[in-house]
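Asker: Chains A and B supply the protein sequences, listed in that same order. Using this note's numbering, read the first sequence as starting at 89 and increasing by one per residue. Using this note's numbering, read the second sequence as starting at 89 and increasing by one per residue.
Errors might be hidden in some of the hints.
Part of the chain B face toward chain A, derived, beta carbon under 8 Å [stated by the list, open to error]:
{"#": "1", "residue": "Val-354"}
{"#": "2", "residue": "Leu-362"}
{"#": "3", "residue": "Ile-368"}
Hints listed in this document are in silico derivations from the structure and should not be mistaken for laboratory results. These numbers come from a predicted model, not from an experiment. For glycine and all other residues, C-beta sits at the position ideal for the given N, C-alpha and C.
Protein chains: 2
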Amino acid sequence: MSDKITPARLNRRIVLARRPEGDASPEDLRLEEVPVPPLADGQFLVRNLYLSLDPYMRGRMDDSRSYAKPVALNEVMGGGTVGEVVESRHAGFAVGERVQGPLGWQQLSVTDGTGVQKLASSKVPLTAWLGVVGMPGVTAWYGLNRILEPKPGQTVCVSAASGAVGSVVGQLAKAAGCRVVGIAGGERKCRLVTGDYGFDACVDYKAGRLEEDLKAATPDGVDMLFENVGGAIMDAVLGRMNPFGRVAVCGLIAGYNGHDISIKRVRSILVNRLKIQGFIVSDQLDIWPRALQELGERVVNGSLRYSETIAQGLEKAPEAFISLLAGGNLGKQLVKLD
Amino acid sequence: MSDKITPARLNRRIVLARRPEGDASPEDLRLEEVPVPPLADGQFLVRNLYLSLDPYMRGRMDDSRSYAKPVALNEVMGGGTVGEVVESRHAGFAVGERVQGPLGWQQLSVTDGTGVQKLASSKVPLTAWLGVVGMPGVTAWYGLNRILEPKPGQTVCVSAASGAVGSVVGQLAKAAGCRVVGIAGGERKCRLVTGDYGFDACVDYKAGRLEEDLKAATPDGVDMLFENVGGAIMDAVLGRMNPFGRVAVCGLIAGYNGHDISIKRVRSILVNRLKIQGFIVSDQLDIWPRALQELGERVVNGSLRYSETIAQGLEKAPEAFISLLAGGNLGKQLVKLD
């Protein structure tokens, strides 16, 4: 008999240390090192290469009624990753295969494969599976095509226009023949929006003339709003809506830290017969294959552009996440884990 | 040759004397007596018997961008009436016929027939053509059937539940198998709502426990909201909405005198994937015949009840209108003109 004891492999992960009061802070999260449990039959181990950081994660840090269960205290923060299978006792996943899935803020994940998919095409860059050809891209595709229903010549307004979702909305709307106006914070983001992404105009809400600048950028009013922010930005666009306008509510990042996001221009809903619809892309599983195929083709043929901000190392994730909530990132926010 | 001069027939009418600042007041309106112009070919003269007073009229007193042109200063206030043709130079309308149409706050109207219809059935009481089998009834029918899309067993909440629109919404929703909860101001209105109209419950918002009482009345949450009021009432119901809830925005009477009607529970739109849609029944001309037929049949067979508050005489219209805006009426507010 052998006495050999394999030293446990160690996993580095970030857990929820406490629930934020108002703005999230680095102390709400804790980096820890824990042993990786041995695999059971039907499980496999993934070494995560990139972690996606997304605004929705802020909501899961709270203990309030929402569409997703809150993260439990002292549990690993949830999040999407791309990675590589490094050990397997699962018939469907072999060592060396690359996968994406909801594997959390950690370097190593033991999983039974729930929600995990193999990467379908090697032509699509690895990180794009977390952004433009992943959840943010499908979110943009669904909200634009199924809620806003773009018509050529109409005007689409997109808030958080330089972000992972907004940038895709704008490019798809341009391809559908719309006039596209972005709203973003700062000159640098606005240059990205009109330069790289080809929006017709971009309003810098940090310039302090939101209402006037929006009016100048939308001479024919707004027929569709893809809303990621809420609050004063949403209210400003409600004041520009045309009759029979549509609003897709995808996110309310202005309120994620507990700030007021009241709508004051409620009268516009009635006067302009608006349709305002909230949505969550995980409700719409049936459209994912079609959306991912179109998005992947557009990335490969160059008609869909994207940009990324990549933090280096798991220990940088909390800071990068808090910066994301404050609008400090440019494009899709990722963390390189290895 | 005859020298006989027929003395001009005199018309009494109410015109917009000035635009209200905040709450409308009697001084914003003026009663005047003017000669009736002679009929041209293609015109006829209607003696109006009843005038309908409706909250939307407050919006037309302002000079702001809306779905309908504002009433011009010193022009007759617009409004629906039922009346009788007393002179005619129009091939389609004969003396003695009863009609309804947008003939304004006046006793005598010269018209070319635009928007005027003959009353289709003598079984429907005359005043019902201005309420339950008129614009308010069709408004209720459209918002419920085409926007809320009621499903048996689901809960519908209706604000201004004792009013001309709300009372029809609730009765049609009960007929569709829904649980129906009204919101109204005062015990007397709430008794009408649960007693005469058969709602399952009614919350008296004037009792000062709106949130608690609404919670108690909607143990399974709210799937559909038919909103006539806005402001704190709408916000309270948004806090009770179930996933995939629908909201039909029919009126925002809380804001018609310039008061704040902000929505604070914007997060519910996203979390519960709500659809909120404003509508105006005059956009939907195609559904009027079908709706009027069903409403008329229900009135005649007794399955649709209604109540009326009738002011006596045109000179009482301003006071009755201001009382309507403050919720002082019970059921449909009319003015008997003759």
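Asker: Are the hints correct? Go through all of them and say.
Answerer: Hints and how they fare:
The interface hint given for Val-354/B is met, as the beta carbon of that residue sits about 5 Å from the closest beta carbon of chain A, less than 8 Å. At about 5 Å, the closest approach between the beta carbon of Leu-362/B and any beta carbon in chain A falls short of 8 Å, and the interface hint on this residue holds. Look at Ile-368/B: its Cβ gets to within about 6 Å of chain A, closer than 8 Å, so that hint holds up.
Of the numbered hints listed earlier, not one is contradicted by the structure.
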